[in-house]
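Residue numbers for the sequence shown follow the working numbering, so the first one is 11 and each next one is one higher.
Treat the hints as calculated values from the structure; they're not laboratory data.
One should not assume that every hint holds.
What the hints assert, rightly or not - Derived pair list, reagent style BS3-like, types lysine-lysine, alpha-carbon separation capped at 25 Å:
#	residue 1	residue 2
1	K240	K212
2	K174	K119
3	K102	K233
4	K240	K53
5	K53	K105
6	K105	K35
7	K212	K53
8	K105	K119
9	K197	K119
10	K201	K240
Unchecked claim - Taking CB as the label site, the calculated pair distances span:
#	residue 1	residue 2	range
11	E213	A123	31 to 41 Å
12	K119	S191	35 to 45 Å
13	G27	V194	14 to 24 Å
14	G253	R20	27 to 37 Å
Cβ atoms here follow ideal geometry from the backbone N, Cα and C, with glycine treated the same way.
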Amino acid sequence: MKSLIMENERLDDLQNGYMLIQDPKQFCFGIDAVLLAWFARVKPGENALDMGTGTGIVPVLLKARYPRGHFTGLEIQEESAALARRSVAYNKLEKDIAIETGDIREAVKIFGASSFDVVTTNPPYMIGKHGLVGENTAKTIARHETLCTLEDVISQAASVLVPKGRFYMVHRPFRLAEIMSAMVRYKLEPKRMRLVYPYVDKEPNLVLIEGMRGGNSRITVEKPLIVYEKPGVYTDEILEIYGRNRQGLAAGEEKT
Numbered sequence: 011m012k013s014l015i016m017e018n019e020r021l022d023d024l025q026n027g028y029m030l031i032q033d034p035k036q037f038c039f040g041i042d043a044v045l046l047a048w049f050a051r052v053k054p055g056e057n058a059l060d061m062g063t064g065t066g067i068v069p070v071l072l073k074a075r076y077p078r079g080h081f082t083g084l085e086i087q088e089e090s091a092a093l094a095r096r097s098v099a100y101n102k103l104e105k106d107i108a109i110e111t112g113d114i115r116e117a118v119k120i121f122g123a124s125s126f127d128v129v130t131t132n133p134p135y136m137i138g139k140h141g142l143v144g145e146n147t148a149k150t151i152a153r154h155e156t157l158c159t160l161e162d163v164i165s166q167a168a169s170v171l172v173p174k175g176r177f178y179m180v181h182r183p184f185r186l187a188e189i190m191s192a193m194v195r196y197k198l199e200p201k202r203m204r205l206v207y208p209y210v211d212k213e214p215n216l217v218l219i220e221g222m223r224g225g226n227s228r229i230t231v232e233k234p235l236i237v238y239e240k241p242g243v244y245t246d247e248i249l250e251i252y253g254r255n256r257q258g259l260a261a262g263e264e265k266t
């Protein structure tokens, strides 16, 4: 198994029986990916697609929670996709998780229409040059809409989902109006939403959204999710999500 880990890479314990190989020089997963995998629901026997899977964190986390599902990750960057495949192999999950290299904008062409029961995505949050664009290409692609737009993600998700299939996304609240508008336009009816706050007295910095292809018009807004009681100390609910009693950022995370 050591042959799957390259020089300068590390092996992070996900605290659920699985490990994830990460390259500190590339984009490492953050709490947003953890929350997305916790928010999403996969029923036994369902097929789930994670669009823009990066190093495969969401499919691996979902497999731990929903062992009777089948998961596919779609990633445009071959280096990240290769890293994800090595993590899948390290955990001996090749029968349960497939990693495909490809463009989100061509998801229907790659997989076919109505191919998945569930789609999850943690897409780039920033529009164009909004925010700082770093020199690291992998991080820039992960954070900024350089290779796909929000509309690309939502339109392709709607097309690859079966009727009544479910869509789960984590994004930034400042784009919520745009998100809702696009989802309704592509008939991914918003069904459930939860805002994530870093502290109880701060503005939300993440939003978790569930939509249903062809669903009826009715949304449930869940109670706020607070991440920290104070700097470096998670709230009880976040500790429960991580499934362990631990302070500070979990190993391998980047701050969002």
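Comparing the hints with the structure gives:
Taking the CA atoms of K240 and K212, the gap is about 12 Å. The hint holds against a cut of 25 Å. For the hint linking K174 to K119, the alpha-carbon distance of about 21 Å falls within 25 Å, and the restraint holds. A distance of roughly 37 Å separates the Cα atoms of K102 and K233; the hinted pair therefore is violated under the 25 Å criterion. Of the supplied pair hints, the one linking K240 and K53 is violated, its CA atoms being roughly 36 Å apart against a limit of 25 Å.
For the given pair, K53 sits about 17 Å from K105 by alpha-carbon distance, which is consistent with the 25 Å threshold. Between K105 and K35 the alpha-carbon distance is near 29 Å, which puts this suggested pair outside the 25 Å criterion. For the hint pairing K212 with K53, the CA-to-CA distance comes to about 35 Å; that exceeds 25 Å, so the pair is violated. Of the supplied pair hints, the one linking K105 and K119 holds, its CA atoms being roughly 23 Å apart against a limit of 25 Å.
With a CA separation close to 20 Å, the supplied pair K197 and K119 stays within the 25 Å bound. In summary, the hint linking K201 to K240 is not supported, as the alpha carbons are separated by about 32 Å, beyond the 25 Å threshold. The hinted range of 31 to 41 Å is satisfied by E213 and A123, whose Cβ atoms lie roughly 39 Å apart. Take K119 and S191: their Cβ atoms lie about 25 Å apart, and the range 35 to 45 Å is violated.
Checked against the hint of 14 to 24 Å, the C-beta distance between G27 and V194 comes to roughly 39 Å, which is inconsistent with it. Remark: the range hint 27 to 37 Å for G253 to R20 is contradicted by a beta-carbon distance near 21 Å.
Hints 3, 4, 6, 7, 10, 12, 13, 14 from the list above are not met by this structure, while the remaining hints are.
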